[in-house]
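Order-wise, the sequence lines are chains A and B. Numbering-wise (our numbering), the first sequence opens with residue 21 and increments by one. Numbering-wise (our numbering), the second sequence opens with residue 125 and increments by one.
Accuracy of the hints is not assured; some may be wrong.
Lysine-lysine pairs mimicking DSS-like chemistry, simulated, CA-CA at most 30 Å apart [unchecked claim]:
id, chain 1, residue 1, chain 2, residue 2
1, A, LYS22, A, LYS294
2, A, LYS197, B, LYS254
3, A, LYS197, A, LYS294
4, A, LYS294, B, LYS254
Just some of the chain A residues that point at chain B, by a computed CB distance under 8 Å [claimed, not checked]:
id, residue
5, VAL30
6, PRO78
7, ARG130
8, ALA198
9, GLN221
Hints in this document: simulated from the structure, not taken from any laboratory. Note that the Cβ used here is the ideal one computed from N, Cα and C, for glycine as well.
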Amino acid sequence: MKILQGAVVVLYALFALLPLLWLGITSIKDRDAAISPHAKVIPVLTAPNDPTSVGFVPQLDAFRGLSEVHAGAHASFWEHVTSSVVIGFVSTAASVLLGAACAYGFSRYRIGGAKDWLFFILSTRFMPPLAVVIPVLLMYRKLELPGTHLGLIILYTVFNLSLSVWLMKGFIDEIPKAFEEAAFVDGYTRFDAFWRIIVPQSATGMAVTGVFCLISAWNEYGFAMTLNSSSAVTVPAYFAGLQGNIEGMPWPQVAAGALVFVAPVAVLTFLVRKHLLRGVTFGTIKQ
Amino acid sequence: MSFVAIRGLEKTYPGGTRAVRGIDLDIAEGEFVVLLGPSGCGKTTTLRMLAGLELPTAGTIELAGREVTHLRPALRDIGFVFQFYGLYPHMTVAENVAFPLECAGVPREERQNRVRYMLERLGLEPLASKYPRTLSGGDQQRVALARAMVRRPALSLMDEPLGTLDAERRAEMAELIRAQQIQQRVTTVYVTHDQEEAMRLADRIVVMSGGEIQQAASPMEVYDSPANRFVAHFVGSPAMNELRGRVEGGRFLCGGADLGPAPASAATGEVLFGVRPEHVSLGEEGHLHGEVLVDEYVGSSRFVYVQTAVGRITARVGAAEPWRPGAAVALKFDGKGVRWFDAATGRRLP
Ligand SMILES: Nc1ncnc2c1ncn2[C@@H]1O[C@H](COP(=O)(O)OP(=O)(O)OP(=O)(O)O)[C@@H](O)[C@H]1O
Ligand SMILES: [Mg+2]
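Excised from the complex, chain A in its bound form (with noise of 0.2 Å):
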């Protein structure tokens, strides 16, 4: 049974990670090696001579490329990923507080309905966000929204805040109201004990709100291709918007970006991968 266990599991992990491999690989081709019909899979010292050969020479010119702007582009890989980190770390900071702050109303004071409440905010993911796009791009544009970082954050933001308060709600909950108790008989307001008793206790679990919030905004796609065409744009419609130009799409840059474009949040994630089986169970299983 064990032995079995371990097989799935190396087997399903060896089938997710072979796109990062891929994007490994092509990374540190060049260009003709990484669109050549023939796959080049194994790195090797000496040009081959025979084309159809699966030898490569490695080169770490793609990782250089990533300061150039390209055909197609408004601006380079790094000026993009600022994009990205602006959008993603201040709508996620945004998403986490306020989701903080709302799920703290919830666990704390008697609300009627509150069970209602809560249904009706995790309902608004019910629906694929895309499908609201258009009506979203025309709001946007009444309001001067899109191209800025400022349209993404509040989106993402709005997106987000759902899982937020559901999420920070199970770790809130679990928080003994003593605490705050002894702040509020030591002098301290609600909104004292909030930031000094609440915000220190569920650390942990805003920083698992934190990483899923970030993932989400991070790789989102439609959004940002729809509403940004400018530099504000986030790395993952940076690269979409790389396609159809006249030079042809630069595959070593786009791996070699790629790759580093997933790191901080695969870092992120390993960061806090003992809490998260708690974050998406809301709560349910206690440490």
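Chain A is fixed; fit chain B with the ligands onto it per the hints.
Coordinates of chain B with the ligands only, in the frame set by chain A:
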């Protein structure tokens, strides 16, 4: 003028539980009042209303001449020791103790001095930089006490602060709390369901049951002149002996035996006769006859449980002489120790 004045205080929880049903109580400045009662009688609820952590359904609370019934806790100048938890897990012991001072805006240097002094008094210095979760329950409770006592609040509230300690530590900490209270003269309301602890600490004991005050009096008075049967049974261990009988012609008759003159206040009819074990003596001659069930030696004395025709009686007698189970004995009641209760209302008859 009382320092704390509680008038008609009531609390009904949203679920419908009537936890407190109309409490009137005056507390003098510097007084150490103990709320004593069985689990669920509304002690914690009363304390939480005093603190402002729970809003009363009815009634008022005055503190130092100011009505505070609906005031938020921060504005009442109180200290609170919680029954459970209450220490911040993300702060060290020293930070926890310093917290109320920090909130009160005490300057850094004075804060450190006072925290150090308090930790020293409670023997907590070695733990100063530890986090609460690494401490034993008893140590955590001591830190909670240190935190409550580091500041001199107008009113100090303690909810079973010794509940999690072992017997030896309990006595030691009770002594410390009392010493500190006497030194600082902080008006204190202390909650416990342990009657011995209540006796040891209190200037005045408030015995509660079912959300109502049964009696509020000095420990001696509560013990010697319980206001009703509930108090008589709850305070004192082993409990007061009780015999049900009739008053006829000024005499108390129980199971055919004449146990002596009844009080003038007792009308002819059914009454309850109460006597504490120390006012019962064993011998050849007496009011009642019975058979020794158990002889319990407790060092300074022994408790002898005797089965009689009208019920089981406990006597507290000298430690020197053992009593063989099964032996026939006669019980004698010391008239000065006898208390009378109304059979219907349970109230003590004067
Ligand atoms: N937050 C609450 N909501 C509803 N009912 C409550 C709440 N807190 C207490 N009660 C109920 O009110 C009654 C009194 O409770 P309280 O905690 O005041 O008793 P207590 O005397 O402190 O008991 P203990 O010795 O067990 O601590 C109990 O029946 C309890 O179940
Ligand atoms: Mg209680």
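Now the hints, each set against the structure:
no. : hint                : verdict
1   : A:LYS22 x A:LYS294  : holds (22 Å)
2   : A:LYS197 x B:LYS254 : holds (23 Å)
3   : A:LYS197 x A:LYS294 : holds (25 Å)
4   : A:LYS294 x B:LYS254 : holds (24 Å)
5   : VAL30               : violated (38 Å)
6   : PRO78               : violated (48 Å)
7   : ARG130              : holds (7 Å)
8   : ALA198              : holds (4 Å)
9   : GLN221              : holds (6 Å)
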